[in-house]
Amino acid sequence: MKASLIGFLEWLGELGVFCSQAFRTAVSPPYEGRELLRQMDEIGTKSLPLVILSGAAIGTVLSLHTRDTLTLFGAKSALPGLIILSVLRESGPIITALVVSGRVGAGIGAELGSMKVTDQIDAIAVSAVDPYRLLVATRIVACTVMLPLLTIVADFCAIMTGWLTTRLVEPMALSYYIGHGFELVQFNDLIPTTAKTAVFGLLIGVVGCFQGTRTAGGTAGVGRSATSAVVIASLFVILADVVLVKLIIVMFR
Amino acid sequence: MTRDGRGTVPSQADDPVIRISGVRKSFGRQMVLDGIDLDVGRGETMTILGRSGTGKSVLLKLIVGLQKPDAGSIHIGGQEIVDVPLERLNEIRKKLGFLFQHAALYDSLTVEENVAFPLARHTDLPDAERRQRAAELLSRVGLEGDRAKMPSDISGGMKKRVGLARALALDPEIMLLDEPTAGLDPITAAEIIELIGELGKAGERSAIVVTHDLRSVEALADRVALLKEGSIVIEGSFEEVSQSDDPFVAAFLRPTFGHQHV
Numbered sequence: 001m002k003a004s005l006i007g008f009l010e011w012l013g014e015l016g017v018f019c020s021q022a023f024r025t026a027v028s029p030p031y032e033g034r035e036l037l038r039q040m041d042e043i044g045t046k047s048l049p050l051v052i053l054s055g056a057a058i059g060t061v062l063s064l065h066t067r068d069t070l071t072l073f074g075a076k077s078a079l080p081g082l083i084i085l086s087v088l089r090e091s092g093p094i095i096t097a098l099v100v101s102g103r104v105g106a107g108i109g110a111e112l113g114s115m116k117v118t119d120q121i122d123a124i125a126v127s128a129v130d131p132y133r134l135l136v137a138t139r140i141v142a143c144t145v146m147l148p149l150l151t152i153v154a155d156f157c158a159i160m161t162g163w164l165t166t167r168l169v170e171p172m173a174l175s176y177y178i179g180h181g182f183e184l185v186q187f188n189d190l191i192p193t194t195a196k197t198a199v200f201g202l203l204i205g206v207v208g209c210f211q212g213t214r215t216a217g218g219t220a221g222v223g224r225s226a227t228s229a230v231v232i233a234s235l236f237v238i239l240a241d242v243v244l245v246k247l248i249i250v251m252f253r
Numbered sequence: 001m002t003r004d005g006r007g008t009v010p011s012q013a014d015d016p017v018i019r020i021s022g023v024r025k026s027f028g029r030q031m032v033l034d035g036i037d038l039d040v041g042r043g044e045t046m047t048i049l050g051r052s053g054t055g056k057s058v059l060l061k062l063i064v065g066l067q068k069p070d071a072g073s074i075h076i077g078g079q080e081i082v083d084v085p086l087e088r089l090n091e092i093r094k095k096l097g098f099l100f101q102h103a104a105l106y107d108s109l110t111v112e113e114n115v116a117f118p119l120a121r122h123t124d125l126p127d128a129e130r131r132q133r134a135a136e137l138l139s140r141v142g143l144e145g146d147r148a149k150m151p152s153d154i155s156g157g158m159k160k161r162v163g164l165a166r167a168l169a170l171d172p173e174i175m176l177l178d179e180p181t182a183g184l185d186p187i188t189a190a191e192i193i194e195l196i197g198e199l200g201k202a203g204e205r206s207a208i209v210v211t212h213d214l215r216s217v218e219a220l221a222d223r224v225a226l227l228k229e230g231s232i233v234i235e236g237s238f239e240e241v242s243q244s245d246d247p248f249v250a251a252f253l254r255p256t257f258g259h260q261h262v
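Going down the list, the protein sequences come from chains H and V. So that you can map any letter, position 240 of the first sequence is 240 in my numbering, and since no number is skipped, the others follow by simple counting. So that you can map any letter, position 133 of the second sequence is 133 in my numbering, and since no number is skipped, the others follow by simple counting.
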């Protein structure tokens with residue numbers, strides 16, 4: 001128990017040092033622009049199919065569940081608003097972050113982990129290139145930038161499939177759905193909730209890179225890094241969401 | 001002083017290109033290097049021998065700044081590399097060419113892109129010239145036809161050749177080779193040794209070769225240093241070390257040198 005606690009505190013300390021190093025290289029020149037764009041494509045563009053599918057699923061499920069409940073209370077007219085508010089405030093951001101954490105977190109952990117165990121990171125360093133700048137900072141910045149954009153895509157897909165699913169059961173014009181749905185939407189339902197996904201992206205990038213660059217133990221270590229990157233990033237995202245939701249409520253009340 | 005086609009052995013008065021003084025390194029409670037003093041002269045090939053796990057590769061990593069010694073100093077070209085800012089360390093690293101034990105090729109890049117990586121990062125050469133230079137380097141190691149292949153598509157010996165070509169990309173003053181023949185069959189190992197002899201030692205280029213392969217020592221070494229339990233037990237010219245009466249040295253070197261003294 002004591003050893004586990006000490007191990008956890010050591011891990012936390014190393015994470016703090018890592019974050020400090022990553023932040024310094026991310027904000028100071030020279031910037032790795034080409035690699036950053038490549039990572040934004042890898043993390044953002046290539047996550048689109050998964051995010052679109054997840055968003056579509058959220059919207060469908062929300063519509064199916066919410067419609068029955070509202071009918072029970074004779075409040076079916078609130079369906080568009082409930083779907084859209086739910087998607088914008090929480091479902092869209094959290095599901096996008098968890099889905100991307102799985103794909104990107106594992107991918108970064110595995111990629112950097114395999115580079116670590118095959119000395120590729122050392123080879124980059126010996127080539128007089130800062131591996132933190134080239135590999136870590138670019139991935140963290142790319143995750144931070146792309147998560148809000150992916151969330152917007154997921155939100156759009158969820159809102160549209162929410163309408164389509166409702167439309168299958170009863171006639172509802174898109175203009176009615178959107179008009180009534182967005183009546184209740186305010187600034188703090190959209191902007192802060194989407195912006196908080198930048199924090200999620202930061203956490204996913206940091207954890208994935210940290211676990212990857214600490215990999216030891218050959219191919220088994222790479223697997224452990226990929227798995228732990230997903231698990232820890234997902235946990236951090238959920239915990240951060242609790243804090244950020246409260247913060248948004250307090251700041252934008 | 002000249003020895004049998006291996007080039008001139010520099011005198012003690014020449015400034016060494018690498019000076020290692022009092023270097024110590026431990027991992028936890030395990031002392032790996034316990035007070036290493038070593039000089040490598042200009043144009044000289046120093047071979048560091050020792051049993052597996054005696055700190056040979058750790059010493060190489062200390063020299064290129066991948067790890068920091070617990071004590072001591074390391075000078076390359078007269079410049080201290082321990083505890084210096086990364087920018088200064090990277091300027092020194094541009095003068096080094098490092099061949100990793102398993103080549104450490106970037107597996108997301110083609111063979112050509114691997115070799116061109118240092119050129120892309122540290123020169124202003126346009127893309128066409130970079131590719132031409134990479135093609136020349138690959139031609140020198142006999143892999144001009146494999147430019148477009150990925151590292152996963154080539155053999156271990158070919159990876160070593162690509163690694164060697166990449167290490168030579170910036171025409172370094174000092175080559176560092178970590179177990180260049182590890183994991184290779186005898187024929188391929190002999191080819192790599194020959195290649196290193198031709199390319200790695202050209203002109204005034206100095207080299208440190210870490211190995212426990214005695215064929216590499218015989219073919220490449222101007223001077224030999226033998227590591228045992230974290231210390232250098234003997235260091236000197238090829239002839240001096242081969243004539244040592246020390247039982248450990250004799251037992252280590254006998255398979256190669258024993259028959260020469262018959």
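Keep in mind that a hint or two might mislead.
Restraint ranges, calculated between C-beta atoms of paired labels, are given here [stated by the list, open to error]:
#	chain 1	residue 1	chain 2	residue 2	range
1	V	D83	H	S20	35 to 45 Å
2	H	G217	V	R215	40 to 50 Å
3	V	M31	H	G217	15 to 25 Å
4	H	M160	V	S108	31 to 41 Å
5	H	V27	V	E240	53 to 63 Å
6	V	I187	H	T219	20 to 30 Å
7	V	T123	H	T219	32 to 42 Å
8	V	G156	H	P49	33 to 43 Å
9	H	T219	V	S155	49 to 59 Å
10	V	R121	H	S20	19 to 29 Å
What the hints contain is simulated information worked out from the structure, not anything from laboratory work. Even for Gly, the Cβ is constructed at its ideal location relative to N, Cα and C.
**Message:** Output the indices of the hints that this structure fails to meet, ascending.
**Reply:** Violated hints (numbers, rising): 1, 2, 9; every other hint is consistent with the structure.
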